[in-house]
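Peer 1: Below are the chains, spelled out letter by letter.
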Amino acid sequence: MTTEPDSSADAAEPRGAASATAPPTDPPPAGGPAAASSGKARVGVADLIFKNLTRTAGIGLLALIAVIATFLVLRATDALSANTGNFLTTEEWFPNASPPKFGVAATLYGTVVSAAVAMIIAVPVAVGIALFITVYAPRQLSSILGYIVDLLAAVPSVVYGLWGLIVLAPHMKGIQLWLNDYFGWIPLFDADSVGRSLFVASVVLAIMILPIVAALSREVFLQVPIAHREAALALGATRWEMIRVAVLPYGKPGVISASMLGLGRAMGETIAVALVLPASFNISEHILSPAGNTIAANVANGWGEANDIGRGALIASGLVLFIVTMIVNILARAIVARRREFSGSAA
Amino acid sequence: MTTATVSGPAVDGTADRLGLRGQSLPRWVPLAVAAGAVVVSLLIYLLTPVDSEIQIVLMAAVVFVIAMTAISTAVEGGRRARDRFATTLVYTAFLLAVIPLVAVLVSVISKGVGRLDADFFTHSMNGIGARDVGGGIYHAIIGTVEQVLLASVLAVPFGLLVAIYLVEYGRGRISRMISFFVDVLTGLPSIIAGLFILAFWVLALDQGFSGFAGALALAVLMIPTVVRSAEEMLKLVPNELREAGYALGVPQWRTILRVVVPTALPGIVTGVMLAVARVAGETAPVLLTVFGTNLINSNPFSGEQSSLPLYIYSQAGQPQQFAVDRAWSAALVLIIIIMVLNLIARLFAGRNRLK
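Line order of the protein sequences matches chains A and B.
So for the first sequence, our numbering puts the first residue at 1; every next one is plus one.
So for the second sequence, our numbering puts the first residue at 1; every next one is plus one.
Hints are computed from structural coordinates only; laboratory data are not their basis.
Glycine included, each C-beta is placed from N, C-alpha and C at the ideal position.
Keep in mind that a hint or two might mislead.
[Unchecked claim] When the alpha-carbon atoms are kept at most 16 Å apart in a straight line, the in silico EDC-like pairs for lysine to aspartate or glutamate are as follows:
| hint | chain 1 | residue 1 | chain 2 | residue 2 |
| --- | --- | --- | --- | --- |
| 1 | A | K51 | B | E168 |
| 2 | A | K252 | A | E219 |
| 3 | B | K111 | B | E243 |
| 4 | A | K173 | A | D150 |
| 5 | A | K173 | B | E53 |
[Stated by the list, open to error] Derived list of chain B stretches under chain A, where covered just means 3 residues or more per stretch with a C-beta under 8 Å from a C-beta of chain A:
| hint | segment |
| --- | --- |
| 6 | 34-40 |
| 7 | 65-77 |
| 8 | 175-182 |
| 9 | 196-207 |
| 10 | 246-255 |
| 11 | 277-285 |
[As the list claims (entries may be wrong)] Residues of chain B placed beyond 10 Å of chain A at every Cβ, according to the derived structure:
| hint | residue |
| --- | --- |
| 12 | I128 |
| 13 | V153 |
| 14 | P238 |
| 15 | I296 |
Okay, chain B solo, but in the shape it has when bound (with noise of 0.2 Å):
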């Protein structure tokens, strides 16, 4: 950061009568022309019709970066000119963006928090109508936990075993093909996720909707998650563990199953657990297999469930106000579940000795 001023004290007589370091702005300037620039703004939103905010947010920016630059450009000189575009413009979208990513948050908050009562997790939406007030997320957060917790069981052994096959074993065609495979589930959106297990599960082998479907749904999201942070932890496990088990006679699977993975198993858990948050929230394919429900449904293998994304959507469509007050605390509760699983995968991940 170069923090000499105009007609600051020299610091190196010869160097600046030289002219080396050039004219630089002095520190206040960016902070006074952004003062400016919402000023400017704000006499816009007061003197003329303009009256969206975002709009007025959007000037306020451009009016910065315009004058940072002619300032600098002036005083500074075309490289510096430049530098100083470039730091305003980072700033600037910096700032841009916070905006909505802060108001999502505070909204959600500061509207979720009014339907968050003992009532809000101890009943379901037995007998509630959209126009009515009460109702709860009991049979949601079932559903969800439920869900989830089988979409783990199902798709965390599975992929495990793919990752030490890429790792340990996999050389040659089907290796790479399983690799490109899993790049493609990556990016395989979560509604075709639910459109195959609704196709297969549901209308092919006829099992009706039920937790459990949606459960499939979920692993199938899970699987590439697991398989990829796997499969980069158990690469960062070093090669002198495997070949110190090797030479101490230990046969190769038992070194990969008390040596390697071991020691990768913190990394592996964030993996898992960032994974499990991700599918939490997932609304696509749990809408297409798992139906939804007001009533509370403890058996996730048969009948309709619900499931919290599954709530807030159908809370959200409608236009009652007490129905969308619903929608923001249980989008309240969702976003604190899925933070603290971060929370949790972050524990891990600070513990975790590879790296």
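Chain A with its partners taken away, still in its complex shape (with noise of 0.2 Å):
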């Protein structure tokens, strides 16, 4: 960019004027007839400047991720070129050891599994509370409920961490039990012990994206034209066939990007998983045994004692988790933009 110096040289001087210059009179005169050729000068050369100053920021945005993603990939090749193992599909993490061996299967199964089932459990749930808080709850009680939601979805993450370790896990034991004495013959649920484990895990990533997911579809379902859910209950629908004529299809592509937006928070979340999980490196698809990691929870656990190999190590294993969280953000993007093309269509 030519006018990068140039923009951000003179950068101070048009904010400061602007604020400096209280009367909105001033411009007028600079652009009056009187002085029209000097001042439309004066006037252009401060819009190119400060165009380029906003175009300047945006670009510095994409410089920004192509640092990140340039220097997450520079240390991770250090590491992996390192490696005694293959990366992906290795299970043991030992990147402090003097031939490093190390791979991401283990916590990538880890992220994905807990992922899975915490979206399993809180998507459908968060869908009923934003359709109780918009549709069947009396108009007072709902704008209280929707702020309190809205509050809850600002929890920090170590708090339900913290929640989790202490009061849920102690509380899941007996469901976890139950569940393996009952449904033992899926393999899912079949455990030799149960205790802190990638089920307990999700539930709690489950309770914490919870009020994040029913916020956002409270929004989009609030955005259904009053005139649809009117006209399908004039039809003579009742109050389940109105939400399944007009209120679903009209929120399903902002359901499905708050889901997207929820999933990503459990993909990425570390510490209330780092607090819950027993660190341990094994693919096993029993989810109630007390095993299992996440990447993002390894890291947080793993790079306190790791040296330089390891650091590269646990850089490189985020990077999977960046590429697999930009793809789960990508199709959410191609979902919402399509569905967008047919509603509009439609409508």
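Put the complex together from the two separate chains, hints included.
Peer 2: As structure tokens, then:
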């Protein structure tokens, strides 16, 4: 960009001028007919400077992404070249050993499974909450509830982690034993012993993303035109039929993108999982067994004692997480964009 | 809401004789069934070896949904029953979700008030081990405030400029690319931001752990939120205002800075406050870049600092009760700070003239 130095050097001038010259009557004389030629030139320069300033900021954002990717890749490649295992398929994590051997398979598995189970639990309930607040609850109650859900969405994840570790985990024992007793014939719920398992982590994640998905879905359902809802009711639809024909189709893209945001949060969640899960590196379909780890939790747990290779290995696993969440986001964007096209042509 | 009862006074004789209204359940039935479901599950709780509260609650929910649907199918018929089923499910989902969310708040408040004394706010953890009673969050509050302020100073002007570019100037490929990557940054897991600053600032540039490094990581997380909310608000500014500015001969940049941005300002402030509230509770990026310390360090530019989320994390990881108590109290303080930030954001949102 040839204009970069120019804009950054003069950046302070137009902004300072804007705040210093209080009366807004200043510009008209500059643009007036008497000083037309000189005034126009000055205005043009100021405009150009401001435009390029904002443009530089925009390009700076692209540069930021590029720098993030570059540095993560640079650090990761050092460690990956020293790795004696296959990074994608190895389950062990010994990056600090003298021939380092580590792979992202076990932690990636834990990340995907815990986030998926959390989504299965949270999304239907979150949609239920959003429907309750927008359709079922009395008006006064609904605004208060909406406010409370928004506040809960802001509770930091470390608090959910603390609660999950100390309050929820002991209470989860009974239900895990019950699942194991009655559904143990499904390999998923088969376990020799139960404890702080991937399942408990998933429940904590589900409770954590519940208000986030519910708050966003509520906003979407509030946007449904009242005319659509009233039209359905006027045709004799029951409330559920009104929801099915008017609210859900209209809100679907929004709910999908809210869920994807929740999925991204669940996959990237570090502290809540790090507090709940015992760090172990194995792939097991028994989600009730006290085992499992996720990429993000592994970074938080492991980086303190990591040496140079170890840090590189953690950064490499972080890069994998970055790519996975990016794919999820791009998919969500694509889904939302396509749905919007359809609903646009239908309306 | 259909409130006609089965044997109630006929509102309209002809309609009833033709059976147009159908039969519908009296209003008290759902409540009665709910009470019945609770009683049944309490009996199961008392009479069988099932002893987990979570299971009992889930069981009550299942019994309630099934019983309601069965009764409704018998009395009201298919369509009404399906409506009833959906209603029951939504109510049950809501009640089930409320339990853990309220439980989180109740635990934090009830376990957190124990250590909320003057000592807690005025002392650091200097010389206090996990086994020791006492200690406080003074150093953590200093760290959080400084890091979040620095992050805001870095992220807000930058994000605002990007938003102005996207709304006022952005056409074509570059702006589409920027918009796309803002979305990518929105979905960036917070620990990746921490890893990036660790790789870039702490390791590659060899700047060491500091509050400022944490602020950089938090700024990376704040930027997309600020851009998105500012963009939404700037888009809401009516074009007539811009055109009026141009018609008076005001150059575009002055129109933007003196007319468009001030009009959208309350909304932008709301977005900024929400972004601040979010990063104030972030632990992972701070863990990797600030490192944490038990001592008071009020200089964010050199040496390790602490922060409230980091403090909660390190105390919660200790098995000793005193440490866990400190974690709960710090969690309560953090939640209160974030709630206050949210309330301020709401106040500004209420003053928003757009919408």
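Peer 1: For every hint, state whether the structure bears it out.
Peer 2: Hints, one by one, checked against the model:
no.	hint	in the structure
1	A:K51 - B:E168	holds (9 Å)
2	A:K252 - A:E219	holds (12 Å)
3	B:K111 - B:E243	violated (57 Å)
4	A:K173 - A:D150	violated (30 Å)
5	A:K173 - B:E53	holds (10 Å)
6	34-40	violated (count 0)
7	65-77	violated (count 0)
8	175-182	holds (count 6)
9	196-207	holds (count 6)
10	246-255	holds (count 7)
11	277-285	holds (count 7)
12	I128	holds (19 Å)
13	V153	holds (15 Å)
14	P238	holds (18 Å)
15	I296	holds (21 Å)
Figure legend: structure checked against the earlier numbered hints; hints not met, in rising order: 3, 4, 6, 7.
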